[in-house]
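A.B. asks: Chains as they are written, first to last, in UniProt numbering: chain A, 1 to 423; chain B, 1 to 423.
Take these hints with a grain of salt, some might be off.
Note that identical chains are pooled: a pair holds if it fits in a single copy or bridges any two copies.
Lysine to any residue pairs mimicking SDA-like chemistry, simulated, CA-CA at most 20 Å apart [as the list claims (entries may be wrong)]:
| # | residue 1 | residue 2 |
| --- | --- | --- |
| 1 | K197 | V227 |
| 2 | K197 | V222 |
| 3 | K197 | T303 |
| 4 | K197 | T32 |
Don't read these hints as lab results, they were simulated from the structure.
Here are the chains, one letter per residue:
Number of protein chains: 2
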Amino acid sequence: MTSGTASATTDQDVIDLAVRAREAARVLAIATRAQKDAALEAMADALLAEAPTLLAANAEDVARAEEGGTPPNVVDRLRLTDDRLAGMAQGLRDVAGLPDPVGEVVRGGTLANGLELRQVRVPFGVVGMIYEARPNVTADAAGICLKSGNAVLLRGSSSAATSNAAIVEVLRAAAASSGLPVDVVQLVPSDSRDTVKALMRARGHVDVLIPRGGAGLIRSVVEESTVPVIETGVGNCHVYVDRGADLDRALAIVLNSKTHRTSVCNSAESLLVHADVAEEFLPRVVAALQEAGVTIHGDAAFTAYDGVVAATDEDFATEYLSLDISAAVVPDLDAALAHVRRFSSGHSDAIVTDDQRAARRFVAEVDSAAVLVNASTRFTDGGEFGFGAEIGISTQKLHARGPMGLPEMTSTKYVVTGDGHVR
Amino acid sequence: MTSGTASATTDQDVIDLAVRAREAARVLAIATRAQKDAALEAMADALLAEAPTLLAANAEDVARAEEGGTPPNVVDRLRLTDDRLAGMAQGLRDVAGLPDPVGEVVRGGTLANGLELRQVRVPFGVVGMIYEARPNVTADAAGICLKSGNAVLLRGSSSAATSNAAIVEVLRAAAASSGLPVDVVQLVPSDSRDTVKALMRARGHVDVLIPRGGAGLIRSVVEESTVPVIETGVGNCHVYVDRGADLDRALAIVLNSKTHRTSVCNSAESLLVHADVAEEFLPRVVAALQEAGVTIHGDAAFTAYDGVVAATDEDFATEYLSLDISAAVVPDLDAALAHVRRFSSGHSDAIVTDDQRAARRFVAEVDSAAVLVNASTRFTDGGEFGFGAEIGISTQKLHARGPMGLPEMTSTKYVVTGDGHVR
């Protein structure tokens with residue numbers, strides 16, 4: 001905490017923001033789709049119109065990060081460009097094009113006594129997002145929350161504070177110009193960790209908190225928050241190459257799962273190979289991974305190959321998010337299942353096999369948000385699943401599990417209509 | 001905590017139970033509906049066959065309660081009879097008759113790239129139930145959890161400890177005799193509050209906690225638990241009599257909502273009357289409620305009538321669960337909505353009106369699990385909604401809201417099937 005600064009905030013300051021969000025949410029909850037889509041389009045237009053201001057604000061964050069010795073790849077994630085702003089604007093227009101989840105009748109019918117029962121999607125109300133680095137998340141989250149009828153409190157990273165403040169100002173002005181309450185989008189100060197703690201304690205004022213970022217951030221929010229949390233994103237994902245696998249396909253899937261994009265939660269972090277195909281598959285997969293620049297942390301079967309590092313249990317438990325993979329040979333499917341059970345974070349786990357019995361058991365017994373058969377773990381993604389927008393990937397079992405699109409950002413209520421019915 | 005007794009438990013003891021539950025849950029998750037239904041029928045048979053043992057165990061609890069000066073109505077809730085055992089057995093058979101939620105495909109299709117995507121219902125895994133008083137909940141919860149594929153840890157009230165131990169022993173033996181793991185149902189010792197705390201800390205071992213009981217119990221679990229919680233049941237429910245109401249219907253709905261059964265969460269606790277109909281409606285509703293034995297805690301308009309007690313804000317915030325009701329006259333629909341917004345616990349709120357615009361606004365703007373139009377609040381119930389079984393009524397917005405049946409006791413996972421698909 002930057003103690004003594006004028007902008008240091010208290011719990012009450014964050015609650016005040018939440019109270020304003022609640023008032024805005026009441027209006028937003030009954031806004032029509034047309035009103036919301038118009039606001040999203042206005043927001044997209046404004047991001048482009050205000051590009052010079054936004055890029056200038058971002059340049060301040062970038063300069064501060066560079067002066068502070070931030071690694072170049074992190075600075076790159078922080079940086080806004082005209083292309084990235086165009087992407088943010090297009091993201092908002094894409095959300096405008098998606099169906100409105102609010103008001104959807106999830107189930108309904110008429111009971112024996114004539115009561116009409118409908119279960120209808122409604123917004124949560126006030127959503128808190130706690131996230132790191134990339135300023136594009138600011139616009140993405142604002143758009144998804146607005147379309148799903150939720151007022152949002154955005155608590156981004158302090159490294160992106162100037163960018164986020166500028167983006168939020170633009171979004172708020174656009175919302176207001178479209179006739180929605182300005183407080184449908186608000187920025188929570190990031191000058192102190194205390195504002196994160198205040199959000200976590202704002203039970204009753206904030207309906208749900210969604211942390212997006214590193215494992216440490218997510219764990220601390222999940223453990224400390226009294227506000228309900230949707231846990232996102234930690235992915236210690238496995239690819240298991242069964243003895244029934246087509247080994248060409250297996251090689252392509254392992255490589256794609258590991259190397260297509262290493263910094264994301266749906267990339268593979270661990271490789272398991274059935275002993276019956278190890279002799280044929282290991283030389284091929286070791287060579288291919290190493291050629292792609294991957295460091296293999298392997299068990300005894302793998303360390304027989306040059307350049308493979310010996311793996312510890314710690315390796316098998318690690319989400320590397322880098323060009324590293326843990327690897328082991330397992331005697332059979334049961335051992336593969338036991339390994340996944342022990343080490344998987346419950347995000348995405350894949351089996352490569354043409355054996356129907358093995359595939360069926362893997363699907364039934366692996367308890368993860370996504371279980372993939374003969375497909376790369378990289379497919380666990382709201383975009384790939386056709387959701388059109390994604391606020392994160394839930395790795396918890398309550399409410400939503402897996403990629404979360406617009407419907408996952410809603411609750412429901414029952415509407416019961418009678419004719420003077422009593423029991 | 002009853003310190004120094006041999007049965008005092010530690011966190012580790014509760015985790016040991018949860019680990020055994022996890023092992024049982026793995027088997028139960030892939031059990032067929034036929035296996036689960038056979039176990040439920042065996043449990044029902046065993047409750048009847050072991051009636052003498054169960055009644056004797058219950059007599060110990062009842063004697064202890066009576067010696068301890070427990071109020072007769074509480075003792076009555078604790079008491080088992082042949083009729084109540086028959087009801088418990090029938091409840092298990094009813095659950096056996098319901099569709100199996102596990103394996104239900106919630107959505108599915110084939111993506112543009114040929115990947116087959118299915119979202120499938122799966123059990124949570126290990127469910128913890130924390131509940132008070134009635135020993136019938138022990139059998140009800142065990143049945144619902146078993147059918148939905150969840151191993152359950154039952155932490156009942158210490159006042160029912162002997163009854164619960166006997167019931168659980170019978171249920172476990174029946175499960176085992178049907179070929180399911182004995183640990184699909186386990187009792188958590190109730191000799192100390194420490195076991196409740198241990199359940200709340202067992203994150204990773206217990207997937208979801210469901211507290212059922214008084215407001216104090218629920219609040220403490222919601223605030224202290226690091227395990228995800230489904231908040232149930234506190235109901236400060238309103239009936240608003242609009243100026244567009246048919247007053248005969250309004251009278252019937254108010255009386256039914258308040259007096260049909262006072263001790264339950266869906267009974268009405270507060271009455272709001274539009275000023276335009278107050279002069280005609282108040283004398284009638286005051287007389288009818290008082291005749292039914294109800295004490296009215298009213299605002300100035302109501303205290304003009306004999307026997308009406310003056311209400312404080314505290315009254316309007318209170319879930320009486322007794323023959324008491326708070327009551328106020330409101331100048332218009334906006335004031336009624338503001339009152340509900342301020343005081344409702346978000347369980348069930350009803351409007352009585354024949355005015356379509358008023359009904360539409362009330363439905364849109366009241367943010368409760370159930371919003372009723374021209375119907376008693378008593379209809380918010382899994383049985384009335386046709387769910388066949390109910391584990392509780394959720395008043396939270398995440399996961400499930402309103403009466404929770406079998407589908408609400410499940411999570412989902414995505415199954416993605418490809419043909420060597422990579423990105």
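A.B. asks: Failing hints, ascending?
C.D. replies: Violated hints: 3 and 4; rest satisfied.
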